[in-house]
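These protein sequence lines map, in sequence, to chains A and B. First residue of the first sequence: 656, per the working numbering; consecutive thereafter. First residue of the second sequence: 5, per the working numbering; consecutive thereafter.
You may find that some hints are simply not true.
[What the hints assert, rightly or not] Only some residues are given here: those of chain A computed to face chain B with a beta carbon under 10 Å:
| hint | residue |
| --- | --- |
| 1 | 745 |
| 2 | 785 |
| 3 | 874 |
| 4 | 876 |
If you are wondering where the hints come from, they were derived from the structure by calculation, not from laboratory data. What you are looking at is a predicted structure, and each value in this text was computed from that prediction instead of being measured. From the three backbone atoms N, C-alpha and C, an ideal C-beta is built for every residue, glycine too.
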Amino acid sequence: MASIIPNVIEMKAEFVQAIFETLYMTFFSAIVSGVLGLIFGVLLVVTKPGGILADSVSYSVLDKVINLLRSIPFIILLAVISPLTQFLIGTTVGTTAALVPLIFGIFPFYARQVQNALLDVAHGVIEAAQSMGSSPMEIIFRVYLKEGLADILRVSIATVISLIGLTTMAGAIGSGGLGDIAISIGYARFENDITFVAMLIILAMVFIVQFVGDLIVKRVERY
Amino acid sequence: MAVSLNNIIELKDISVTFKNDGNVVKAVKNVNLKIERGDIYGIIGYSGAGKSTLVRVINLLQAPTSGTVSVAEQRLQELKPQELRQARKRVGMIFQHFNLMKSRTVLGNVEYPLLSKKISKKERREKATNLLNLVGLAKYADEYPSRLSGGQKQRVAIARALANDPDVLISDEATSALDPKTTISILQLLKKLNVELGLTIVLITHEMQVIKSICHNVAVMEDGEIIERGRVAKVFTAPQQKLTNDFIETSTNVQAAIKRITAEIDLQLAANQRLVYLNFVGNTAKEGIISGLAQKYQIDINILFANIDQIDGENVGYMISIFSGQPELINGAIKSLISADVKVRILEVGGSKGDEAANGVDYSERN
């Protein structure tokens with residue numbers, strides 16, 4: 656083992672910590688951006704012209720904000736957003752500080768995915784609920800989110816996988832994690848085994864997320 | 005304006021105008037419609053006639069551009085959103101594509117409207133199960149809609165629409181996606197609900213067969229307007245509009261028969277032959293008019309097509325036949341038919357549509 660991946664063995668403690676940092680960043684930014692994305696996704700669907708709470712002004716503002724945020728390359732967002740990070744977290748460096756750009760980098764993407772998933776809920780089903788006297792809140796929770804649940808789970812899996820990718824880029828602002836180790840140690844010091852093992856661990860994480868996610872979708876989608 | 009107690013639905017001067025990209029589409033134009041409690045009221049028209057838009061005005065799923073909507077003595081447009089939702093619960097609706105929730109079981113779909121009621125889970129389940137019994141689907145309670153046939157899905161949709169104990173059921177082309185046999189069974193179910201629950205039914209369709217099977221009253225829509233309305237028996241036996249007549253003839257296969265006989269089969273008429281279309285109504289359908297004619301005028305009558313229908317106890321007959329004999333005798337026979345209240349139309353052979361204005365009933369003049 657030591658002869659194949661000597662540097663990894665030597666830096667075992669750092670590797671374990673990096674794994675935890677990646678998991679930490681992924682988990683907390685997934686929770687926050689998940690909530691934000693769901694809220695924005697639902698708002699986009701209900702305020703859309705012809706939606707159950709149609710409001711063309713709100714819709715076009717939301718739509719443009721989401722588009723704008725999605726257009727900023729993540730590596731630039733990391734830097735641009737630092738004053739906000741400083742204000743919210745008190746520092747711009749480190750694992751917790753990385754949560755701010757990660758959330759702003761991923762939630763607009765997730766909001767769009769949620770929006771698309773909910774737009775797939777047949778208009779007729781919504782109309783039927785309206786004809787039965789359902790309120791907008793009832794329609795959101797009992798129809799949109801219930802009918803769209805399997806699709807929302809599917810896009811959530813894709814989003815978490817993208818998010819794991821983004822955490823590695825956050826290494827650029829000293830976030831720690833596997834990306835950081837792969838670039839600032841493995842790549843910078845020509846210790847290729849470190850880069851390679853970091854990649855394998857990330858791949859393993861992605862496969863686990865996909866596998867567990869698919870199991871959940873299968874359980875939910877019994878129809 | 006006083007709202008009549010007998011009319012559960014009153015639409016007054018309803019217009020609906022859609023504006024998109026500078027295009028103004030008048031989907032419904034100044035329609036007045038009163039529907040009595042306990043009626044089965046059919047609205048027939050081709051797609052794009054505005055029927056779906058019109059029925060959506062009844063529960064305000066479509067707000068009219070102008071006009072007033074009253075349901076069960078309530079002016080819907082004056083209600084607050086919360087009150088409107090309560091009012092909508094009095095009006096059930098079923099759809100062409102069923103619109104069931106795929107993520108809920110059959111029972112779950114029927115329970116859905118009850119979720120907002122303050123009743124226990126047990127009561128809710130009980131009520132939904134009773135409704136499934138009513139539509140004959142109790143044993144499918146735990147299946148998902150994707151496992152059901154179209155007719156079964158529509159039954160679930162009917163049970164769901166009844167969960168709020170509505171006074172009115174709106175059926176938006178509910179049988180249009182079903183095969184003829186299933187259509188009949190769904191229509192029988194609607195009729196049963198009308199009789200047993202006193203449910204007022206408003207149904208829209210493009211098939212006269214549906215109107216004929218269960219409706220008491222009918223309105224014919226064209227281009228956003230109601231062009232003809234009345235008791236089904238009356239409209240069927242004495243249509244005033246060309247479109248109404250088209251629907252009737254289509255439903256009795258007469259249109260297809262005329263087309264086939266005049267254009268498609270290789271029919272050669274001799275100089276002393278006439279191709280004649282006859283429409284009998286009421287008693288004229290029962291008397292031996294044809295055999296009497298043949299004897300009295302010494303002509304041969306060769307029947308190519310005949311169909312008889314019963315609508316609200318009235319017989320309506322259709323016949324296409326070749327009259328052979330002396331021209332003056334044929335004319336005499338035709339005159340005697342007309343005087344016996346039979347509608348007569350001489351058909352031309354060989355692709356032309358028949359000389360309606362000269363020989364037959366010209367519907368456009370009878371508006």
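Contradicted hints - numbers only:
Of the numbered hints given earlier, those the structure breaks are 1 and 3, listed in rising order.
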